[in-house]
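S.K.: Sequence:
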Amino acid sequence: MKTIGVLAFQGGVIEQMRKMEELGAKPQLVKKKEDMKNLDGLILPGGESTTIGKFLIETGLKDEILSLIHEGMPVWGTCAGAILLSKNIKNQGSGVLPALSIVIERNAYGSQLDSFKKEVFVPRFNIATECVFIRAPKIVEVAEGVEVLAELETPIAVLQKNILATTFHPELTSQNYWHSFFVENVVK
Numbered sequence: 001m002k003t004i005g006v007l008a009f010q011g012g013v014i015e016q017m018r019k020m021e022e023l024g025a026k027p028q029l030v031k032k033k034e035d036m037k038n039l040d041g042l043i044l045p046g047g048e049s050t051t052i053g054k055f056l057i058e059t060g061l062k063d064e065i066l067s068l069i070h071e072g073m074p075v076w077g078t079c080a081g082a083i084l085l086s087k088n089i090k091n092q093g094s095g096v097l098p099a100l101s102i103v104i105e106r107n108a109y110g111s112q113l114d115s116f117k118k119e120v121f122v123p124r125f126n127i128a129t130e131c132v133f134i135r136a137p138k139i140v141e142v143a144e145g146v147e148v149l150a151e152l153e154t155p156i157a158v159l160q161k162n163i164l165a166t167t168f169h170p171e172l173t174s175q176n177y178w179h180s181f182f183v184e185n186v187v188k
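Numbering follows our numbering, with no gaps: position 156 of the sequence shown is 156.
Hints were generated in silico from the structure; no laboratory data involved. All clues given are correct.
No more than 25 Å apart at the CA atoms, straight line, and that leaves these computed lysine to aspartate or glutamate pairs for DMTMM-like: (1) LYS87 - GLU141; (2) LYS31 - GLU15; (3) LYS62 - GLU34; (4) LYS87 - GLU48; (5) LYS32 - GLU21; (6) LYS138 - GLU15.
Computed spacing ranges between beta-carbons, pair by pair: (7) GLU21 - LYS188: 19 to 29 Å; (8) ASN185 - GLU130: 14 to 24 Å; (9) GLY72 - GLU34: 16 to 26 Å; (10) GLY24 - ASN91: 38 to 48 Å; (11) SER67 - GLY145: 16 to 26 Å.
Keep in mind that this is a model prediction, so the values were computed, not measured. Built from N, CA and C at the ideal position, the CB exists for glycine as well.
Work out the full structure: start from the sequences and follow the hints.
M.R.: Written out as structure tokens, the structure reads:
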């Protein structure tokens, strides 16, 4: 059984854990460095990226997570998690965990009131998946070596080696396509 950590500070922590349980993986809350032991992968849920970044720095998790990512640990950032992983945040520098070679723009679709759901075809799955965008960022540029998995005018899901990022919230749908992809294809 694969053990998947879920950063437990903000966002859809409970929803992410339920998705892991539905797939037969063992979810592990991550609140401190000691919680990172024996993980097969890590999910960075949504929330407010600046606040989550401060939490990562204050708890010492930032360096621990970055080290494990560079050692090859699979990680998945959803929405704010994608911002945290970005090497370049448009007009703001980099994310706190700059490991993913993308340029991302925060809150690119507007405010909370501009949140929306959209069915998006994903060639890798050969099916349309429901995507929930809440104050979502937009990936405006990807470097060579970053695979675009889904697009809605611009990339909304990318994969670079052991790093998956989605600008939407798959944990807020009844579908398990993205969680299954992470557990079966990114976490090996």
